[in-house]
Amino acid sequence: MKLHEIARFVDGNLLGDGEVVIERICPIEEAGAGDLTFLANPQYRKRLKEIRASAVLIASEPPGEASGVNFIIVPDPYVALGKLLAVFYPEDRIPSGISQNAFLEEGAIIATEAAICAGVTVCKGARIERGAVLYPGVFVGPEAVIGEDSILYPNVCIYRKCLIGRRVILHAGVVIGSDGFGFANPGVDNLKIPQVGFVQIDDDVEIGANTTIDRGTLGKTWVKRGVKIDNLVQIAHNVVVGEKSVIVSQVGIAGSTKLGRSVIIGGQAGLVGHIAIGDNVMIGAKSGIHESIADGQVVSGHPQLPHKEWLRVAASLSRLPEMRKSQAVLLEKIAKLEEEMRKIKNHEDSCHSNSSTRG
Amino acid sequence: MKLHEIARFVDGNLLGDGEVVIERICPIEEAGAGDLTFLANPQYRKRLKEIRASAVLIASEPPGEASGVNFIIVPDPYVALGKLLAVFYPEDRIPSGISQNAFLEEGAIIATEAAICAGVTVCKGARIERGAVLYPGVFVGPEAVIGEDSILYPNVCIYRKCLIGRRVILHAGVVIGSDGFGFANPGVDNLKIPQVGFVQIDDDVEIGANTTIDRGTLGKTWVKRGVKIDNLVQIAHNVVVGEKSVIVSQVGIAGSTKLGRSVIIGGQAGLVGHIAIGDNVMIGAKSGIHESIADGQVVSGHPQLPHKEWLRVAASLSRLPEMRKSQAVLLEKIAKLEEEMRKIKNHEDSCHSNSSTRG
Amino acid sequence: MKLHEIARFVDGNLLGDGEVVIERICPIEEAGAGDLTFLANPQYRKRLKEIRASAVLIASEPPGEASGVNFIIVPDPYVALGKLLAVFYPEDRIPSGISQNAFLEEGAIIATEAAICAGVTVCKGARIERGAVLYPGVFVGPEAVIGEDSILYPNVCIYRKCLIGRRVILHAGVVIGSDGFGFANPGVDNLKIPQVGFVQIDDDVEIGANTTIDRGTLGKTWVKRGVKIDNLVQIAHNVVVGEKSVIVSQVGIAGSTKLGRSVIIGGQAGLVGHIAIGDNVMIGAKSGIHESIADGQVVSGHPQLPHKEWLRVAASLSRLPEMRKSQAVLLEKIAKLEEEMRKIKNHEDSCHSNSSTRG
Numbered sequence: 001m002k003l004h005e006i007a008r009f010v011d012g013n014l015l016g017d018g019e020v021v022i023e024r025i026c027p028i029e030e031a032g033a034g035d036l037t038f039l040a041n042p043q044y045r046k047r048l049k050e051i052r053a054s055a056v057l058i059a060s061e062p063p064g065e066a067s068g069v070n071f072i073i074v075p076d077p078y079v080a081l082g083k084l085l086a087v088f089y090p091e092d093r094i095p096s097g098i099s100q101n102a103f104l105e106e107g108a109i110i111a112t113e114a115a116i117c118a119g120v121t122v123c124k125g126a127r128i129e130r131g132a133v134l135y136p137g138v139f140v141g142p143e144a145v146i147g148e149d150s151i152l153y154p155n156v157c158i159y160r161k162c163l164i165g166r167r168v169i170l171h172a173g174v175v176i177g178s179d180g181f182g183f184a185n186p187g188v189d190n191l192k193i194p195q196v197g198f199v200q201i202d203d204d205v206e207i208g209a210n211t212t213i214d215r216g217t218l219g220k221t222w223v224k225r226g227v228k229i230d231n232l233v234q235i236a237h238n239v240v241v242g243e244k245s246v247i248v249s250q251v252g253i254a255g256s257t258k259l260g261r262s263v264i265i266g267g268q269a270g271l272v273g274h275i276a277i278g279d280n281v282m283i284g285a286k287s288g289i290h291e292s293i294a295d296g297q298v299v300s301g302h303p304q305l306p307h308k309e310w311l312r313v314a315a316s317l318s319r320l321p322e323m324r325k326s327q328a329v330l331l332e333k334i335a336k337l338e339e340e341m342r343k344i345k346n347h348e349d350s351c352h353s354n355s356s357t358r359g
Numbered sequence: 001m002k003l004h005e006i007a008r009f010v011d012g013n014l015l016g017d018g019e020v021v022i023e024r025i026c027p028i029e030e031a032g033a034g035d036l037t038f039l040a041n042p043q044y045r046k047r048l049k050e051i052r053a054s055a056v057l058i059a060s061e062p063p064g065e066a067s068g069v070n071f072i073i074v075p076d077p078y079v080a081l082g083k084l085l086a087v088f089y090p091e092d093r094i095p096s097g098i099s100q101n102a103f104l105e106e107g108a109i110i111a112t113e114a115a116i117c118a119g120v121t122v123c124k125g126a127r128i129e130r131g132a133v134l135y136p137g138v139f140v141g142p143e144a145v146i147g148e149d150s151i152l153y154p155n156v157c158i159y160r161k162c163l164i165g166r167r168v169i170l171h172a173g174v175v176i177g178s179d180g181f182g183f184a185n186p187g188v189d190n191l192k193i194p195q196v197g198f199v200q201i202d203d204d205v206e207i208g209a210n211t212t213i214d215r216g217t218l219g220k221t222w223v224k225r226g227v228k229i230d231n232l233v234q235i236a237h238n239v240v241v242g243e244k245s246v247i248v249s250q251v252g253i254a255g256s257t258k259l260g261r262s263v264i265i266g267g268q269a270g271l272v273g274h275i276a277i278g279d280n281v282m283i284g285a286k287s288g289i290h291e292s293i294a295d296g297q298v299v300s301g302h303p304q305l306p307h308k309e310w311l312r313v314a315a316s317l318s319r320l321p322e323m324r325k326s327q328a329v330l331l332e333k334i335a336k337l338e339e340e341m342r343k344i345k346n347h348e349d350s351c352h353s354n355s356s357t358r359g
Numbered sequence: 001m002k003l004h005e006i007a008r009f010v011d012g013n014l015l016g017d018g019e020v021v022i023e024r025i026c027p028i029e030e031a032g033a034g035d036l037t038f039l040a041n042p043q044y045r046k047r048l049k050e051i052r053a054s055a056v057l058i059a060s061e062p063p064g065e066a067s068g069v070n071f072i073i074v075p076d077p078y079v080a081l082g083k084l085l086a087v088f089y090p091e092d093r094i095p096s097g098i099s100q101n102a103f104l105e106e107g108a109i110i111a112t113e114a115a116i117c118a119g120v121t122v123c124k125g126a127r128i129e130r131g132a133v134l135y136p137g138v139f140v141g142p143e144a145v146i147g148e149d150s151i152l153y154p155n156v157c158i159y160r161k162c163l164i165g166r167r168v169i170l171h172a173g174v175v176i177g178s179d180g181f182g183f184a185n186p187g188v189d190n191l192k193i194p195q196v197g198f199v200q201i202d203d204d205v206e207i208g209a210n211t212t213i214d215r216g217t218l219g220k221t222w223v224k225r226g227v228k229i230d231n232l233v234q235i236a237h238n239v240v241v242g243e244k245s246v247i248v249s250q251v252g253i254a255g256s257t258k259l260g261r262s263v264i265i266g267g268q269a270g271l272v273g274h275i276a277i278g279d280n281v282m283i284g285a286k287s288g289i290h291e292s293i294a295d296g297q298v299v300s301g302h303p304q305l306p307h308k309e310w311l312r313v314a315a316s317l318s319r320l321p322e323m324r325k326s327q328a329v330l331l332e333k334i335a336k337l338e339e340e341m342r343k344i345k346n347h348e349d350s351c352h353s354n355s356s357t358r359g
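Chains as they are written, first to last, in our numbering: chain B, 1 to 359; chain W, 1 to 359; chain E, 1 to 359.
In case anyone wonders, no lab produced these hints; they're calculated from the structure.
Relax, there's no trap hidden among the hints.
Derived CB-CB ranges, DEER-like:
#1 Gly273(B) <-> His307(W): 17 to 23 Å
#2 Ile94(B) <-> Gln100(W): 22 to 28 Å
#3 Pro75(B) <-> Ala335(E): 53 to 59 Å
#4 Asp189(W) <-> Arg167(B): 44 to 50 Å
#5 Arg47(W) <-> Arg167(B): 34 to 40 Å
#6 Arg47(B) <-> Leu191(E): 24 to 30 Å
#7 Gln100(W) <-> Glu30(B): 47 to 53 Å
#8 His307(W) <-> Asn41(E): 24 to 30 Å
#9 Glu30(B) <-> Leu191(E): 21 to 27 Å
#10 Val87(W) <-> Lys46(E): 53 to 59 Å
Virtual Cβ for every residue (Gly too), placed ideally from N, Cα, C.
Please take these sequences and the hints and turn them into a complete structure.
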């Protein structure tokens with residue numbers, strides 16, 4: 001693909017030789033002649049001089065010193081990169097067809113255009129729609145549904161009655177619909193509350209490797225359209241994740257908590273159960289969230305604080321030992337001042353009494 | 001099932017029409033005519049007016065405003081719900097029998113009343129007792145034992161020689177008996193210490209999806225009777241978890257730490273190795289525990305504190321930047337006072353010397 | 001094995017009867033006659049008196065009170081233990097051969113000396129080298145390579161084009177090469193950036209159960225020689241982990257972060273993306289690392305601090321509520337002093353004016 005074609009494809013501004021042919025897209029440190037690379041993270045800008053790529057996707061006009069390279073200026077290099085990668089490296093779709101080594105229970109409904117690999121189990125009453133791809137070791141429980149063009153990577157497990165939408169991607173080891181963690185009188189009886197609900201995953205959701213989403217106790221745990229969840233995340237029973245939300249790795253969300261639209265949660269954060277997170281909320285990595293959050297707030301820390309406040313607290317924390325010492329000094333100084341003040345007042349009083357005696 | 005039958009079954013007090021027929025149990029927001037729902041979390045009580053269910057399990061007499069609904073008053077609605085769910089939604093047990101697509105090594109012992117699905121592997125010397133259910137993709141290593149009526153969901157992996165008790169539930173992707181993380185001279189040689197012990201899981205334990213429990217270096221890692229462990233928990237080599245303990249999602253417990261009975265650990269907490277946690281201890285979510293804890297204590301924070309102390313610290317944290325400013329002001333004020341005091345004393349001294357001169 | 005043979009094998013100093021025959025190696029609390037045990041953790045030294053083992057590996061000469069036991073004194077009992085365990089409990093290697101129940105795509109290359117169990121999938125263009133062991137349920141994607149003598153435990157998933165070195169151990173449920181978490185305009189468009197890179201795992205790496213390592217967006221995610229990673233760890237796209245590094249359970253490392261050699265990271269720590277961690281850095285458990293760290297530093301806390309500073313902060317934290325109270329008292333006292341000072345000065349002023357009037 002020639003550079004001027006690429007520039008047109010990503011709707012970018014070409015700075016340089018449009019006739020250059022691009023063969024690969026590479027990370028900046030590996031890119032050489034014939035390669036396109038990109039500069040999205042501003043901290044990499046200082047490396048412009050080291051570039052040996054034929055061309056670079058970049059957000060704004062490069063400084064003069066990088067004059068030997070061709071540039072395509074685009075509003076968002078990361079978006080442009082995404083578009084180009086899909087063209088340069090089209091995905092290798094598994095051809096449709098049902099492996100004779102798949103285990104299909106009677107009453108499983110499988111579209112002929114689906115791809116069912118060896119070692120897949122589809123239980124009775126389950127339905128696999130056209131274009132769906134089930135890699136080896138996938139388990140689809142009774143009455144579960146896998147929507148059109150969804151991809152279930154190896155060893156994904158879908159428990160009974162769970163509903164997976166269209167164009168959903170579930171990475172290896174994802175578990176959907178395991179029992180919620182519900183026990184009455186915990187620590188004493190640990191009486192199991194049967195978890196009879198299900199999980200509903202809407203269209204265009206992607207879920208990372210080994211993430212677990214529990215079924216509702218009653219009703220559903222619900223991951224709405226366009227949500228993206230990273231690896232090793234825990235979503236408990238009856239949680240609702242609003243459209244387009246983004247949940248980074250190792251986050252945990254406890255039971256019945258509801259997230260609005262476009263919520264973004266940083267890695268390793270934890271949310272208690274039974275709270276409501278508003279639309280467009282951002283939660284910092286490693287936060288411990290124990291209270292509901294209104295729309296549009298940015299929150300961090302454990303316990304949670306408005307993000308800017310948390311930054312101030314974080315900055316002050318390292319001063320704490322010094323503050324403690326200062327306070328000890330202050331206490332001493334004040335004690336000394338008070339002592340001196342007492343003496344002065346005694347002295348004055350005696351002067352006054354002297355005066356009055358004299359008077 | 002009629003409402004008066006339900007009331008009798010859960011040993012509750014019926015308030016309303018006992019002849020009403022209940023067909024489903026539903027979450028409060030979905031329940032309509034013919035449905036039973038429950039109110040356990042007090043914060044949902046304010047929603048009594050919105051209820052369209054035919055009946056509600058509730059802990060105490062409802063206020064007058066909800067007069068159109070029938071109630072069953074029980075000491076613990078959650079316990080009553082658990083009992084009813086088991087009756088309304090009996091579990092769909094897989095019929096016993098060994099799939100011809102299971103992989104059984106010679107010398108594996110399998111009770112005829114067990115259910116062994118397609119794609120299960122049972123190695124030589126392993127024993128599967130009656131009533132056990134092994135879903136597709138389960139691996140049972142050499143000389144491991146799966147006790148009566150235990151359920152191993154898809155892709156559970158039991159390493160060699162591990163012992164799983166009776167009525168144990170292991171959710172999808174659980175790994176029991178992987179090597180403990182033991183390397184001598186870490187960072188230098190990383191010399192692997194062979195992990196030759198095993199894991200013992202006692203009766204009535206339930207373990208959540210993708211949780212991992214490492215085998216002992218020597219001897220056993222031991223999860224005792226009635227313990228409930230959530231998803232994505234890490235239990236290291238030679239840990240002991242005492243009876244009836246409850247461990248919430250994403251907790252990590254390092255090597256050789258011993259937990260007493262009925263310990264409850266909140267989500268994402270971490271415990272270092274080689275410590276002892278007493279009976280009935282409660283550990284708050286996200287805590288970092290680095291020291292042993294006596295029986296009955298409630299502990300939170302990182303570093304750990306008695307829970308009440310931690311609450312005070314947490315409340316003070318947000319004031320830290322303000323305290324720092326206040327302290328700077330205090331320092332200035334004191335410096336000023338000291339200066340003034342010095343002047344006064346100089347003045348007095350000079351007065352005194354004046355006086356004495358005059359004297 | 002006689003005790004004098006063991007002493008010679010571990011290059012230790014025998015204190016006692018070399019003719020004693022050792023049959024098992026046991027944890028200290030279970031060891032009896034015929035058993036060898038070890039004392040590595042100093043806190044267990046006080047238990048010397050309770051020992052019923054025939055012999056103990058120990059780091060320095062034991063005190064007199066344990067005179068009934070035989071000792072082998074070695075520089076590092078844990079290292080000696082490792083050597084002995086490998087001799088006493090040799091691993092039960094699966095015999096080489098390809099199960100007829102494995103699923104091999106055309107064009108998969110498998111060395112005849114490899115062991116491929118039932119239910120394994122090896123895709124086209126993948127290569128399994130000699131001595132490799134693939135347990136049931138393992139998936140090896142197209143063009144992936146598994147090096148000599150590597151062991152992939154049940155249900156490990158290797159995505160396309162990933163490269164696994166020699167003598168690598170991947171525990172059950174490990175996922176190598178899942179898509180990196182790359183979405184442009186997160187929360188708004190969530191536009192997927194195709195992840196077209198791969199993962200490279202070098203020789204002698206061990207990775208714990210259910211750990212996930214994402215493929216590079218472009219280029220590779222790279223785990224270098226001799227690295228040891230515990231269970232449930234998350235390594236994001238384009239991360240580099242330097243040789244011999246050790247990463248404890250539930251750590252998360254975000255995209256493009258580079259670790260030097262011999263880095264040690266404690267459990268549940270989190271590292272943001274795009275930072276550089278120097279050689280021989282140690283990061284405390286539960287730390288939140290948001291900035292690069294120079295060689296040899298020891299860092300803890302969230303936000304990160306030099307470890308010793310963090311210890312001081314941690315120690316001060318519990319005093320924070322008390323400090324807050326003290327500060328309130330200080331403020332009052334100062335206000336009072338200031339008031340008194342004002343009076344004194346007024347008084348002096350009036351005296352002075354009196355004096356001057358008189359003067």
